[in-house]
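Enquirer: In order, the protein sequence lines correspond to chains A and B. Residues 1 to 380 in this note's numbering are what the first sequence lists, from first letter to last. Residues 1 to 303 in this note's numbering are what the second sequence lists, from first letter to last.
Any given hint could turn out to be false.
Stated by the list, open to error - If you anchor each label on the Cβ, the simulated ranges turn out as follows:
{"hint": "1", "chain 1": "A", "residue 1": "Asp157", "chain 2": "B", "residue 2": "Asp274", "range": "38 to 48 Å"}
{"hint": "2", "chain 1": "A", "residue 1": "Ser266", "chain 2": "B", "residue 2": "Glu30", "range": "34 to 44 Å"}
{"hint": "3", "chain 1": "A", "residue 1": "Trp257", "chain 2": "B", "residue 2": "Glu188", "range": "43 to 53 Å"}
{"hint": "4", "chain 1": "B", "residue 1": "Glu30", "chain 2": "A", "residue 2": "Ala364", "range": "56 to 66 Å"}
{"hint": "5", "chain 1": "B", "residue 1": "Glu222", "chain 2": "A", "residue 2": "Ala98", "range": "54 to 64 Å"}
{"hint": "6", "chain 1": "B", "residue 1": "Leu13", "chain 2": "A", "residue 2": "Ser156", "range": "31 to 41 Å"}
{"hint": "7", "chain 1": "A", "residue 1": "Pro251", "chain 2": "B", "residue 2": "Glu222", "range": "39 to 49 Å"}
{"hint": "8", "chain 1": "A", "residue 1": "Ala364", "chain 2": "B", "residue 2": "Leu13", "range": "26 to 36 Å"}
{"hint": "9", "chain 1": "A", "residue 1": "Ser266", "chain 2": "B", "residue 2": "Arg174", "range": "53 to 63 Å"}
{"hint": "10", "chain 1": "A", "residue 1": "Glu235", "chain 2": "B", "residue 2": "Cys29", "range": "28 to 38 Å"}
{"hint": "11", "chain 1": "A", "residue 1": "Glu19", "chain 2": "B", "residue 2": "Asp97", "range": "48 to 58 Å"}
Unchecked claim - If the Cβ cut is set under 10 Å, some of the chain B residues that face chain A in the computed set are:
{"hint": "12", "residue": "His12"}
{"hint": "13", "residue": "Ala25"}
{"hint": "14", "residue": "Lys43"}
{"hint": "15", "residue": "His47"}
{"hint": "16", "residue": "Val76"}
{"hint": "17", "residue": "Glu169"}
Claimed, not checked - Facing chain B, according to a computed beta carbon distance under 7 Å, are these residues of chain A, among others:
{"hint": "18", "residue": "Lys186"}
{"hint": "19", "residue": "Pro189"}
{"hint": "20", "residue": "Pro214"}
{"hint": "21", "residue": "Asp229"}
These aren't lab readings, by the way, just hints derived from the structure by calculation. Please read all numbers here as calculations on a predicted model, not as lab measurements. Ideal Cβ placement from N, Cα and C applies to all residues, glycine included.
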Amino acid sequence: MTVAESTTDLEALLAAADEGLAFDGLRLEREDDGYALETPETKHAGLDDAALRDALGPLEAYVSNWRYWQREIEGEGTARRAFLRWCERAPLADAERADRRTLDDATLAVPERYEALADGIDRGWGQLRITARFVDVEKPNGERVYDLWHADDAGSDLGDLDVYDDPREARELATEDEDGRYRPLKTAPTLRSGWAFTELSGRELVDTVEFLYPATVANWHRELRGELDVDHWLETAERQTGIYDVIDELPREAVDWMAEACCVDSQCLRRREWQYEEGDDLDVDGGDGPFPCREPCSVVIAAARKWTILESEEERTYELELTTSELNQLAELIDAAAEGRTDEIREADVNDGANRYRARYLRAKRFDEEGTLDATEREP
Amino acid sequence: MQALVIAAHGSHLNPDASDPTYAHADTVCETGAFDEVREAFWKEEPHFREVIRTLEADEVFVVPLFISEGYFTEQVIPRELRLEDWDPERWESDGTDASQATLEATDVGKTVHYCGPVGTHDAMTDVIVQRAESVTEDPDVGDGFGLAVVGHGTERNENSAKAIEYHTERIRERGRFDEVKALFMDEEPEVDDVTDFFETDDIVVVPLFIADGYHTQEDIPEDVGLTEDYRLGWDVPAEVDGHRIWYAGAVGTEGLMADVILERAADAGADLGDAVERVRAATAVGTDGETRSEPGPGAGAGD
Chain A
1 MTVAESTTDL
11 EALLAAADEG
21 LAFDGLRLER
31 EDDGYALETP
41 ETKHAGLDDA
51 ALRDALGPLE
61 AYVSNWRYWQ
71 REIEGEGTAR
81 RAFLRWCERA
91 PLADAERADR
101 RTLDDATLAV
111 PERYEALADG
121 IDRGWGQLRI
131 TARFVDVEKP
141 NGERVYDLWH
151 ADDAGSDLGD
161 LDVYDDPREA
171 RELATEDEDG
181 RYRPLKTAPT
191 LRSGWAFTEL
201 SGRELVDTVE
211 FLYPATVANW
221 HRELRGELDV
231 DHWLETAERQ
241 TGIYDVIDEL
251 PREAVDWMAE
261 ACCVDSQCLR
271 RREWQYEEGD
281 DLDVDGGDGP
291 FPCREPCSVV
301 IAAARKWTIL
311 ESEEERTYEL
321 ELTTSELNQL
331 AELIDAAAEG
341 RTDEIREADV
351 NDGANRYRAR
361 YLRAKRFDEE
371 GTLDATEREP
Chain B
1 MQALVIAAHG
11 SHLNPDASDP
21 TYAHADTVCE
31 TGAFDEVREA
41 FWKEEPHFRE
51 VIRTLEADEV
61 FVVPLFISEG
71 YFTEQVIPRE
81 LRLEDWDPER
91 WESDGTDASQ
101 ATLEATDVGK
111 TVHYCGPVGT
121 HDAMTDVIVQ
131 RAESVTEDPD
141 VGDGFGLAVV
151 GHGTERNENS
161 AKAIEYHTER
171 IRERGRFDEV
181 KALFMDEEPE
191 VDDVTDFFET
201 DDIVVVPLFI
211 ADGYHTQEDI
221 PEDVGLTEDY
231 RLGWDVPAEV
241 DGHRIWYAGA
251 VGTEGLMADV
261 ILERAADAGA
271 DLGDAVERVR
281 AATAVGTDGE
291 TRSEPGPGAG
301 AGD
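Isolated chain B, as found in the complex (with noise of 0.2 Å):
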């Protein structure tokens, strides 16, 4: 038997903080790839302390539903779940690089595969350029288009930056979009002069965070000048400096998120037959599948 463990955030103030988290376990569990799929969270039940004797599978594959290498990757998670031998040096990684570290877990003495976060997974570039066809509702998008990828930043870790700038230049490599640019919110060069970084007309801009809510739904709409409040909503596409911006909402809430969870199971050595491919399907854009792209509305902080 084998077992996942979406391992996420969540909130004490607000609900939707974990829809994504939901919605893409619900994706994987449809799959029937793994016998027990569960979420865990850091601020709602079952956390991250519990969740693994709620299982019953010995064979767990654990995928943090976070963007960067860091803080909660590197300690809270493994701490936890009671990995008594994790050392972040186990998984190698320069800041991107993380795949998998097999442990214990001490408190049931199952087998864990911690995987490294979403984020930081090559098929992340895919759901990046996924939301912009997805917001644009043009699975060709790219021709004409400048592509924002914004990061929060902070200088309290270095990774955060680093998984945007990652994604950035792969997609930049691929030349699809006229322009591509890692923007933050908390350092230079910050997403509020999204439109002094492109020459082309539009531009869509994909926040690089796991849920919807105060960021993306609040500041950073008002910090690009998609609106003046953001009680008020604001247009997709919106007029902004003479550009048209395609403001995606959180990178997270796209359906394809489902195939990077999957991805980093796999890497770890989870036996998964088709599902990868089943979930690319009935997430891809301009399909019967179900995108689950809304973005939802933000009710606040991600405490």
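So that you can see chain A by itself, here it is in the shape it has in the complex (with noise of 0.2 Å):
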């Protein structure tokens, strides 16, 4: 810290002393007899300017946090200011420990803070990890910036990766997956890896994080306050107009199927809070991702439309022929487009019902001339 920085500090220290402060263990106020000075270390009551500025000498770290967070960051009650907080495990407020799901207790105070950011806090937010750290290590001035990547990429050296530090860079990282796929859906578990940014303001982070996972900061914060507005698979579907109008037709055992194929751990990161209902709890699991879901998303609801139209028509019986074999096939190659696993499967692993080969054999043997699969309806 240079001198001119520590005066700043200490200046801006003594000014807001006079209306009392209290911020991270650090208590300063101006009372009759001097100032009251206090932190967890520490207790001076009736010092004198002099005084005051000698016992602050070893409390550096406690006045520079004060200044990064009540002037630089500020913006009290925010998300924004909390999401940093929780980045460096420094405390919240009480308000904001109403719903502790995404928080844990190891919070640092300023001392064993300041000593863990000079080696950098890490903290995962979905797929990826976020180091908070000092600018000036050897002198820390309580000057914070932020590093971030993707979890995969956390053992990879920075010359590795591909570096940015605009935040609007990440719409762009955001868009395709590993292998050129679109994502519409941003908290698929698909972001790819390969790219860093580093030395972000705490703003950049903030705004960085939000175009690759975006209001994931605003609802987690509301959540942590306690005020998280979920609303209902049910009120979201009567909401609808245009196209989606039907949705609201959409059979009760059909949203527990549809949550299941698409709001769970393995195909989004958001961790489902809504039900089909305020008391009519769907049978699926909300899943752990860390980040709550509020209400249906835009994916759910155009596959929902799909589906309603689907549901609303009846089953019928077929007649088909099939081995055995062939029938377990059918579940094979199911189950294996379900979980996405069909590029996984070796070329020559003719084992596997959902091998390509496979599945071209059955089709060969039991399609039709007009490429479908030959089946009798039943009459009724």
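Join the two chains into one complex using the hints; note that each chain is given alone, in its own frame.
Expert: Rendered as structure tokens:
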């Protein structure tokens, strides 16, 4: 810390003391007989100006910590501030601890936090890893920066990654998965790796995270405050108009199947908090995702429309010729497609029913000339 | 503090659908006129439903990146933003005059200035003209040229055609182009017969769409006869029935669209300083400003 910065911090601190200051364990007040100064480690009263300056000498960490949060980050009560506090394991406000599902209790007081920030404090956020650290490790002046990368790259050298510093570039990174397929659902666990954002400011970090996982910080913060507003399936469905007007007709059990298909950890990092309706929970577990999902997303709504139309069909009985192994193979094919496993099946692994040659053989044998499965509807 | 939200359709299938939204948001962001600038989508994230809560500003200007007043601007966006006191009557519009309505988003208690869509703002007329300039690479284009403003047109929404006709009339009144016509995909007069409507050898065809996608990169080029198969691409200009067709792609990708967004917010009371002038300078054709006018490839329907 330069003398100038240190002096400015101190002057600002003294100015704030006039109204009484209590932050992260530091308490400073101007009382009738002089300043009262308190930290978890020290307690002084009746300090004149000179004595206060002396007493604050060993407490530089508390002073620069106060400056960073109160003068630079600011935003008392905002999700941005809470998220940045969480990033460095700083205690959150009481109001932000009403719902503790995504909180652990291992918060750090200023001295431990300063020690940890010198090495960097790592946090996971979905598939992201965030490191909060001091800009200047040798002489920490309280100034933090944040690095962000994919969890899969945690052990990589920065030199092997594409390094960015503009949050807006995250939009591009989030657009396609490793195989170049478009990701309409940003919280799908398919974020590609191989990149890093370094030395982001607090605001830039939050912006970058928001581009990668939109609205997750805001809803996480609402949940912490016990203010997450959940819209259950039925109210969301009933709100729809236009071509989505029909989805409230999706049968109750089909909503369970839909949640099992779309809203599980393997498909989405959000934890489903919505149910069929208040007091009528879906059978499927909402998952362990870190971000609360407060209502069916647009992908689910669009799929629900399709299923509503499909579920309006009557069931019929068909007769078709299959060997037992062929019937089992159908099941294997469906399972492989549902799990996105087809690309992993080895070319020559003809023991797997979803192997491409096995599938082509079945098609050659059992499809008719129009290219459809040869089946006859049984008369009722 | 004031924030801007650009509300667009987006797509589950086509990653390019959101490109113009991002590009214009970046242009606006760089003016520094707003403390926060955020994109929001119907089919992407952040969804309309959740965007307001991601903002710290208490004063939010929402500009729909849509061409016409109708289902999305009058029903979907206000409903999803939880503007409970919204009523289309508050725009006092007959289809092209929507300005703004000030409401409260009930989930966050913030003031939302809900603006009319970009497509019906007067400044949109300039964007269509600038689109003609950028596709011909001629800032003075007009003399000897016809201009076709192309809309989707649909019997389900009478306002869809009104926006097209409104700008067509305004451009015609300026007398810059020899001829100006409004043409449509799904109603008369149809864009398929574009050369029937013009005497001029050169015709600039500007589709009034927000993003390049199925219609602007597949349907219209084939319908107009620019190409047999959109996958083979087409020339600009392309010869069709003895006319030279300068096909511009979606007007929404034109850099000057950022200006319309700003004008909408300014009309609703946003304090912009000199942002409008700066955006106009930065997006002008024939300057060093980044026009962002290259039509992107159409990768599928904006579902």
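Enquirer: Going through the numbered hints above, which ones does this structure break? Give me the numbers in ascending order.
Expert: 17, 19
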